[in-house]
Structure formats: C-alpha cells, structure tokens
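Chains as they are written, first to last, in the working numbering: chain A, 1 to 109; chain B, 1 to 428.
It is worth saying that the hints were derived from the structure and are not from the lab.
Computed from a predicted structure; not experimentally measured.
Glycine included, C-beta positions come from ideal geometry on N, C-alpha and C.
A hint or two may mislead.
[To be verified] Derived DSS-like pairs: lysine-lysine, alpha-carbon spacing no greater than 27 Å straight-line:
id	chain 1	residue 1	chain 2	residue 2
1	A	83	B	328
2	A	45	A	5
3	A	5	B	328
4	A	91	A	5
5	A	45	A	83
[What the hints assert, rightly or not] Quick list of the computed label-pair ranges, beta carbon to beta carbon:
id	chain 1	residue 1	chain 2	residue 2	range
6	A	68	B	182	21 to 31 Å
7	B	375	A	76	14 to 24 Å
8	A	99	B	119	35 to 45 Å
9	A	72	B	375	26 to 36 Å
10	A	89	B	374	37 to 47 Å
11	A	99	B	400	39 to 49 Å
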Amino acid sequence: MRPDKLNDVLESLFRADVRGLTIQRVQGHGGETERVETYRGTTVKMELSEKVRLEIGVSDHFVEPTVSAILRAARTGTVGDGKVFVLPVEKVYRIRTGEEDQAAVTPVT
Amino acid sequence: MNPADTAWLLVSTALVLLMTPALGFFYGGLVRSKNALNTMMMSFAALGFVGIGWALLGYSLAFSGEGRWLGDLGHAMLRGVDLASHGTVPHVLFFSYQGTFAIITAALISGAIVERMRFGPYLVFLSAWALLVYAPLAHSVWGGGWLARMGALDFAGGTVVHVNAAAAAGVAAWVLGPRKDHARQAMLPHNVPFTLLGAGLLWFGWFGFNAGSALGANGSAALAFTNTLFAPAATLTVWTLLDFARGGKATAVGAATAIVVGLVAVTPAAGLVGPLGAILLGAAAAFPSYFALIWRARTRLDDSLDVVAAHGVGGAVGALLTGVLAQKSWNGTADGLLFGNPRQLAIQAVAVLVTVAFSGAMTFGILRAIQAFAPLRSTSREEGLGQDVVQHGEEAYSHGEGAILVLAERETHAAVAVAVPAAGGGGS
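Please build the complete structure, drawing on both the sequences and the hints.
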C-alpha cells in the first residue's frame with residue numbers, strides 16, 4: 001500500500017481492535033502510471049514506487065474486520081493502492097509464553 | 001568613496017546572499033522528506049525571481065525619489081545605478097547589497113506555506129510581493145519615507161524584513177489553509193542536522209546583514225557585529241534553560257530556533273544598543289517566541305515552520321526593546337525609554353503595527369488576485385504524494401532502484417545506465 005496512507009490504515013486498524021503488526025518499507029510496482037524524473041538532462045522513468053508492506057497475524061474471526069479496515073483506509077481509487085493477501089498460517093507460537101495458535105495471536109489485555 | 005567601507009560592504013553582500021540558501025537548509029530540514037526539495041527550492045527561487053525583480057524595478061521603488069510612501073521610477077531598469085559614490089561606497093554596490101535583503105525577506109515567507117503551495121503560483125506571489133510589499137516598506141525606512149520621518153529606529157530591518165515577512169506569512173498560511181495532515185498526524189522534521197546547519201549559516205550571514213547595515217567599516221559596524229554575536233548567544237542560553245525547565249531535555253530544533261529568534265530580535269537594535277543591552281534583549285526575546293510556538297501548535301493556523309512566532313514575535317520584541325534599550329552614547333542618534341526617552345517606545349510600537357497592517361492587507365490582496373487565475377494549493381492527493389515529485393519531478397533522497405534511462409532527445413551520449421535497471425515487478 002501507499003506510504004502516505006499508512007497512518008490512515010494504522011488508525012483504522014486500531015479502531016477495529018487489530019493490534020500486533022509489523023510494517024516494512026518496500027519498493028514495488030503494480031502497474032501504476034510511470035513517474036518521470038529529470039536530473040540535469042538525464043530523464044528517467046521510475047518503475048518502482050515506495051510502498052509499505054504490513055504483516056498482521058489474526059485469528060479466523062478477525063480476518064474480515066482486518067481486511068475491511070485496510071480496504072477502507074488505504075483506498076484512493078487510482079492504480080497503485082496495493083493489495084491484501086489472506087494466507088493460511090500453519091502454526092503460531094508466542095515466544096514469551098509458549099502459547100500456541102489462537103492464544104498466541106490474541107493480544108494481552 | 002572609501003576603500004575600507006567598500007571592501008566591507010562587498011563582503012557583507014556575499015554574507016547576506018548566503019543567508020537565503022541557509023534559510024533553505026533551515027526550512028528544508030524541518031519538513032518531511034517528500035517535500036525537502038520543494039521547501040529548499042522556495043528559498044533558492046527567490047535568488048532568481050526576487051533578484052531580477054529588484055534589479056529591474058524594486059530598487060527604484062525603494063530607493064529613488066522623495067515620496068512618503070513609495071519611491072519613483074528614477075532608477076528603473078538600473079538607470080543611474082553606476083560607479084559614482086553613494087555615501088562612501090559605489091552606487092552599484094549599495095544596490096546589490098540591498099538586493100540581498102529583498103531576496104531573503106521574500107524567502108522567509110515560504111516557511112508558512114510549505115508542503116502544500118503549488119510552485120508556479122508561489123513564484124508569481126514571490127515576485128509580486130517583493131515589488132508591492134517589500135519595496136514600499138524598504139523605502140519607508142531606508143529610502144526616506146514615513147517610518148524614517150517619524151523617527152522609528154530600525155538598524156538593519158527588524159520591522160521591514162522580519163515583522164513584514166511574518167505578517168505576510170501569517171496571512172498566507174491563513175489564506176492557503178492548513179495541510180491535510182495538520183493536527184491529524186505527527187509531521188516530524190526529516191533532517192534536524194540540516195536545520196542546525198542552516199541556523200549556523202544564517203548566523204554567519206547575519207554578520208553581513210547587521211554589521212553591513214552600518215554601510216561602512218566603522219565603529220557602528222563593530223558594535224552591530226558584537227551585538228549580533230552575543231544577543232543570539234543569550235537567546236540560545238535562555239531557550240535551552242526553558243527547554244530544561246519544561247521538558248527536562250535541551251532540544252536541537254529548539255537550539256536552531258533560538259538562534260534565529262535571537263538574530264531576528266537583535267536586527268533592529270544591532271548598532272543602536274550597547275553589548276550588555278543586546279545580551280539583555282536577546283535573553284528577553286526568548287520568552288515570547290518560546291511560548292508563541294507552543295501556543296501556535298494548538299491552533300488551526302498552519303504556519304508550518306513558525307515564521308510568525310520566530311520572525312513576527314521576535315521581530316516585534318526586538319523593535320520594542322530597541323525603543324527601550326537604545327543608547328545615545330553608543331549610537332550617537334537616539335536614546336530609548338531606559339535612557340530617558342519614553343516617546344521612542346511609542347514610535348517603535350506604531351511602526352510595528354502599521355507594518356503588520358500594511359503587509360497583511362497587501363499580502364491578502366496579492367494572494368486573492370493570483371487565486372482568481374489559478375489554484376494556490378496542490379490537491380490533497382498530490383499533498384500525499386509529496387511536493388518534490390509533483391512540483392519538481394525529482395526526489396531528495398532517490399535510491400535509483402527501478403529507474404530506467406529515457407534516451408535523451410539529443411542522442412549524443414550513448415545510453416549509459418545511470419541507475420540500476422529495473423528489477424522485476426515485485427508485488428506490494
């Protein structure tokens with residue numbers, strides 16, 4: 001997703017009670033119109049754009065609220081808004097306690 | 001013609017010119033990285049647009065003729081600006097020196113409208129403002145106009161430069177409206193070392209600004225120079241202590257701001273107060289600006305880089321304290337309140353108020369006039385993308401990954417890949 005939408009998405013996720021996530025700054029390309037930049041007569045097409053990747057592990061019934069929170073906040077309507085992939089997770093352990101699966105991704109309250 | 005005076009003014013002119021790039025660094029460090037180039041370009045553009053406007057018309061409006069409010073066209077297109085003496089220096093040198101003032105004054109305003117104003121309308125505004133607002137005010141103080149006639153003391157331009165620019169900045173911030181993220185998201189300075197570098201270079205250049213305003217290599221220049229060293233030192237000290245008292249930590253952005261506030265405050269007073277008076281003035285100037293900054297951040301007025309708090313409040317305090325601390329035994333012309341001339345303080349206050357009113361109203365008019373032809377602001381989407389890419393087609397911190405060379409129109413150079421060729425399209 002777009003870096004300038006990150007704050008909106010985080011806000012939206014926290015409102016949906018989704019806590020516990022990792023972000024990465026990445027560069028990517030998803031078919032958006034190319035950006036042309038010029039440096040002293042050297043013109044370049046920037047094929048990669050700054051993007052942010054979020055990784056969020058949630059229990060099953062939290063999948064839908066999480067996805068809709070992201071869709072709501074990250075959308076601008078133009079090409080380059082990004083994608084949400086929902087992937088199954090085989091096993092989760094919380095390192096601190098050794099809890100497994102659902103208990104491991106349930107935030108401490 | 002005096003060779004020593006000429007030499008000092010040559011150096012001073014270069015020093016003051018350096019203040020504008022320095023301001024670019026000061027402001028550039030305070031914005032987010034996606035707007036760094038745009039912010040710095042707002043200062044650099046003044047070097048060109050205001051400089052040329054000054055040469056062709058501005059100088060004449062400010063320094064030709066006997067008008068009360070405005071000069072005339074006697075020196076338009078540089079007519080009569082020659083090697084003959086103006087005071088003790090060549091006329092062309094006096095003209096250049098004053099030109100550097102016009103440039104920095106106009107550039108100061110940009111701090112209020114960063115991260116959102118479109119560059120084209122900004123250039124129009126900048127050029128018009130220097131001619132319609134700065135030139136008349138410069139005339140009023142240094143060209144023999146009304147401020148000079150009423151006896152206002154303004155050694156190097158505390159009112160004309162700083163209060164004036166700050167009033168324009170406040171109005172511009174208000175006309176443009178706040179950035180879309182203002183008071184919604186934390187917008188942090190992206191490069192505080194740039195800001196410190198800018199503050200340091202501003203201080204260096206300011207010796208030319210203040211001590212050069214003596215227009216000669218003499219005792220008045222020496223006094224202004226000394227005061228320009230010690231007043232900001234006092235402001236910096238007090239500001240740091242205030243930081244300690246309030247938050248327990250001395251901040252770097254605070255230090256950079258304090259230096260500018262101190263410099264602004266001592267500008268009107270530089271050659272008019274004694275060194276101890278300057279230290280007192282510098283120390284006193286820290287308080288109002290410090291709390292004005294804190295207060296401003298809680299309002300809806302997105303004067304993004306606090307031009308009003310630093311230059312407006314600092315400049316007004318400096319102008320008023322000049323009316324208090326001016327000492328005839330140092331400056332040979334006028335005493336302030338502390339030395340038995342309370343009337344001076346009233347004159348100073350009137351000068352500040354009239355400047356604010358004139359500058360504010362004119363700035364509003366200019367912006368509204370431009371707005372009738374073109375939008376002043378970027379769209380909210382462009383604001384999200386950042387002004388560097390949108391307005392300039394460049395990035396401040398490009399890694400060059402994924403940049404594909406477009407063959408130049410003139411194919412004299414074989415295509416040499418200047419950047420890593422495109423990696424495949426990784427999803428994101």
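Cross-check of the supplied hints:
1. Annotation: proposed proximity of residue 83 of chain A to residue 328 of chain B is violated, straight-line Cα distance about 73 Å (limit 27 Å).
2. Distance restraint check for residue 45 of chain A and residue 5 of chain A: the Cα-Cα separation of roughly 23 Å lies within the 27 Å cut-off, and the hinted pair is therefore satisfied.
3. Restraint check for residue 5 of chain A and residue 328 of chain B: the C-alpha separation of about 60 Å exceeds 27 Å, so the hint is violated.
4. Among the hinted pairs, residue 91 of chain A with residue 5 of chain A is inconsistent with the structure: their alpha-carbon atoms are about 31 Å apart, more than 27 Å.
5. Taken as a hint, the residue 45 of chain A and residue 83 of chain A pair is honoured in the structure, with Cα atoms around 23 Å apart against an allowance of 27 Å.
6. Look at residue 68 of chain A against residue 182 of chain B: about 28 Å separates their beta carbons, and that is inside 21 to 31 Å.
7. One distance hint, 14 to 24 Å for the beta-carbon pair residue 375 of chain B and residue 76 of chain A, holds here, with the actual separation near 20 Å.
8. For residue 99 of chain A and residue 119 of chain B, the Cβ-Cβ distance of about 55 Å falls outside the hinted range of 35 to 45 Å, so the restraint is violated.
9. Checked against the hint of 26 to 36 Å, the C-beta distance between residue 72 of chain A and residue 375 of chain B comes to roughly 28 Å, which is consistent with it.
10. In this structure, residue 89 of chain A and residue 374 of chain B break the distance hint of 37 to 47 Å, their C-beta atoms being roughly 53 Å apart.
11. For residue 99 of chain A and residue 400 of chain B, the Cβ-Cβ distance of about 45 Å falls inside the hinted range of 39 to 49 Å, so the restraint holds.
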